[in-house]
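Since the structure of chain Y is already known, use the hints to place chain Z on it.
Sequences listed follow chains Y and Z, in order. For the first sequence, the positions run 0 to 348 when numbering that gives the first Met the number 0 is used. For the second sequence, the positions run 0 to 303 when numbering that gives the first Met the number 0 is used.
Be careful, since some hints might not be right.
Said to hold, decoys possible - Computed spacing ranges between beta-carbons, pair by pair: (1) Thr119(Z) to His88(Y): 26 to 34 Å; (2) Ser7(Y) to Tyr218(Z): 33 to 41 Å; (3) Thr219(Y) to Val125(Z): 52 to 60 Å.
In case anyone wonders, no lab produced these hints; they're calculated from the structure. Predicted model only: the values in this text are computed from it and were never measured. Heads up, the beta-carbon is just placed ideally off N, CA and C, and yes, glycines get one too.
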Amino acid sequence: MTNVKVKSVAKTYGPIPVLTDISTEFQEGSFTSLLGPSGSGKTTLLRIIAGFIKPDEGVVMIGNSDVTNVPVWGRNIGMMFQSYALFPHMTIAQNVAFGLERRGIKGEAARKEVDRALEMVRLSGFGDRLPKQLSGGQQQRVALARAIVIKPSVLLLDEPLSALDRRLRQEMQVELLRIQRESGLTTIFVTHDQEEALTLSDKVAILDRGRIVQIGDPETVYEKPLTRFAAEFLGDSNFLSGKVENGAVRLSNGTVVRSDSALPGNGADVTLAIRPEKMSLVTADTQPNKLSARITTVIYAGPVLSYILETPDGLPLKLFAQNRDGRVLREGETVSLSWSPEHTIAVAN
Amino acid sequence: MQNDQLALAQTRGSVDPRVKRPLPAWVSTTALLLPTYGWLTIAIFLPLLTMLAFSFMSATPMGKTPVEFTLKQYRAFIDQPYLLRIGFNSLMMGFWTTLFCAILGFLAAVALVRATVGKTRETLLVLILLPFWTNGLVRVFSWTMVLRENGFLDNILHMVVPDAGSISILYTRYAVVLGLVHGYLPYMILTCYIALVTIDDAIIEAAASLGARWWTILYKILIPMAAPGLISGAVLIFIPVIGSFMEPRILGGRVGVTMGTVIEDQFTQAFNWPLGASLSFTLLAVVLAIFATFSGVLRGRTAG
Numbered sequence: 000m001t002n003v004k005v006k007s008v009a010k011t012y013g014p015i016p017v018l019t020d021i022s023t024e025f026q027e028g029s030f031t032s033l034l035g036p037s038g039s040g041k042t043t044l045l046r047i048i049a050g051f052i053k054p055d056e057g058v059v060m061i062g063n064s065d066v067t068n069v070p071v072w073g074r075n076i077g078m079m080f081q082s083y084a085l086f087p088h089m090t091i092a093q094n095v096a097f098g099l100e101r102r103g104i105k106g107e108a109a110r111k112e113v114d115r116a117l118e119m120v121r122l123s124g125f126g127d128r129l130p131k132q133l134s135g136g137q138q139q140r141v142a143l144a145r146a147i148v149i150k151p152s153v154l155l156l157d158e159p160l161s162a163l164d165r166r167l168r169q170e171m172q173v174e175l176l177r178i179q180r181e182s183g184l185t186t187i188f189v190t191h192d193q194e195e196a197l198t199l200s201d202k203v204a205i206l207d208r209g210r211i212v213q214i215g216d217p218e219t220v221y222e223k224p225l226t227r228f229a230a231e232f233l234g235d236s237n238f239l240s241g242k243v244e245n246g247a248v249r250l251s252n253g254t255v256v257r258s259d260s261a262l263p264g265n266g267a268d269v270t271l272a273i274r275p276e277k278m279s280l281v282t283a284d285t286q287p288n289k290l291s292a293r294i295t296t297v298i299y300a301g302p303v304l305s306y307i308l309e310t311p312d313g314l315p316l317k318l319f320a321q322n323r324d325g326r327v328l329r330e331g332e333t334v335s336l337s338w339s340p341e342h343t344i345a346v347a348n
Numbered sequence: 000m001q002n003d004q005l006a007l008a009q010t011r012g013s014v015d016p017r018v019k020r021p022l023p024a025w026v027s028t029t030a031l032l033l034p035t036y037g038w039l040t041i042a043i044f045l046p047l048l049t050m051l052a053f054s055f056m057s058a059t060p061m062g063k064t065p066v067e068f069t070l071k072q073y074r075a076f077i078d079q080p081y082l083l084r085i086g087f088n089s090l091m092m093g094f095w096t097t098l099f100c101a102i103l104g105f106l107a108a109v110a111l112v113r114a115t116v117g118k119t120r121e122t123l124l125v126l127i128l129l130p131f132w133t134n135g136l137v138r139v140f141s142w143t144m145v146l147r148e149n150g151f152l153d154n155i156l157h158m159v160v161p162d163a164g165s166i167s168i169l170y171t172r173y174a175v176v177l178g179l180v181h182g183y184l185p186y187m188i189l190t191c192y193i194a195l196v197t198i199d200d201a202i203i204e205a206a207a208s209l210g211a212r213w214w215t216i217l218y219k220i221l222i223p224m225a226a227p228g229l230i231s232g233a234v235l236i237f238i239p240v241i242g243s244f245m246e247p248r249i250l251g252g253r254v255g256v257t258m259g260t261v262i263e264d265q266f267t268q269a270f271n272w273p274l275g276a277s278l279s280f281t282l283l284a285v286v287l288a289i290f291a292t293f294s295g296v297l298r299g300r301t302a303g
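Isolated chain Y, as found in the complex:
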């Protein structure tokens, strides 16, 4: 149970920079998701922390020791892979005992630890089976048991749930969170699934082209995105661009929009992000921010209705509405949208 720090880590493959000056700290016992599209460098960062990749520059600290030059086998990490990566020629018990053996724990002591770990992932009594006799979800639980039985300093998860189907993935999320809380392991989780990142994490780090663009608790990252990329990648956003005018923003069509965000000086270009679920269709709304738009597409998804709209000057917008009264607006109708200045976030481009 230790914290993990990376300081000004950089990695380049040939002419392509994969990571640029990454500095962050993963606090003791916290669950942090590295979220980003493929090619954002999230997996590279995880593999640098694990020790599979050596950074060109920078330092990796696990606890108080600098492990930048320590090979993988000397770092005391627990790792889970997307492909489970169980040893197919060993039984479940042998798989779980592998790391213990490497630490000189054998015989009865090892057997006890293995039983305890298997019990933790609810697989008691499966010890004598071979990995191929287990389902995908069970195999991933064995991989988790194998990773935590060695009491690692840090638990590194490389998209471990992506190979599972939706229902199983949700079950495993709950399981993973329970075990992480019980064990108190500092956990770093790589995913491209934003919902997974929001549900599981104490902290979400959003990566874009080799940089961490924002790191914070899920609520802050979602409600107060710092950049257009963060607002777009985590959830959906509508973007309005205009110029600052007397503490508000004048859009190109002349509409004035108010925002609670700190705005730059008069005349500066600014981009505003508004979450589609923060906009409402109520005509007699008192909100100061209003736009009129024509509905182009209605997506009926049961509890939630999605409307794709277009303003008269051709700006595309999205709006999510709760299906509270069962009233569905039709395509082609022109409606008035309103939203609060609180939910109007100025983002960097």
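Frame of chain Y, contents of chain Z only:
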């Protein structure tokens, strides 16, 4: 409902003459297998049967001596005890050749799997297959150039250390094993490569993350997982090696008397085909016995 449709389809099938009924599965299977098995019967099975018949004859059925049925050819090992020593030497030759091939071939296969930069893997594969493309006789004779006294190896040694003696190992068992390893190594490399290339990188990474160093990964992960490749490579090498006669003759000289050369002599020099045949079958029986024992051991290991 479904049954009705099926029945309908069937009646339609019998009414409509254009719809052909599919052939039963066994007909197509037989038709597909016939060329292979037919060829095997003519080319392998019949000659082998003829050999088996020869091995029970008292003399080659082409001379003037009358031919009788006899079991005496199979008593050769008892009647001529020097054959036992030759047989043992052949088995040892097979053992050492297979062992060296296994060690070198496995490591080469690991290197091959890890060679992912650019075209290194393709280049290495071609280099490995080169011995296959050269004529075996040329290959073995070129080894004599290297190994003989004042040969290539000696010359290089004397360039570095002028006073050193000769390290000629030509006409020793070492030379024979060396030549055999060279010739048969590609089999082992390829079978191990096929086994190793299927191992997911994440499995090796998982082992490393759990604290395993390279030798632990080698003994605990790579070798057990590539065991099928090692075994099939060993089978592919051991059988032809203990019957080999070209390499022992050329590189072994006086010490290169093996079961292979003895059998060859019976056919080409002594014109004693029945003895040659019986020795061949005895060798076959020994090889089968060895593999039967080993397969039992291996099966026991995987089960336990």
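Checklist entry - Which earlier hints can't be squared with this structure? => result none
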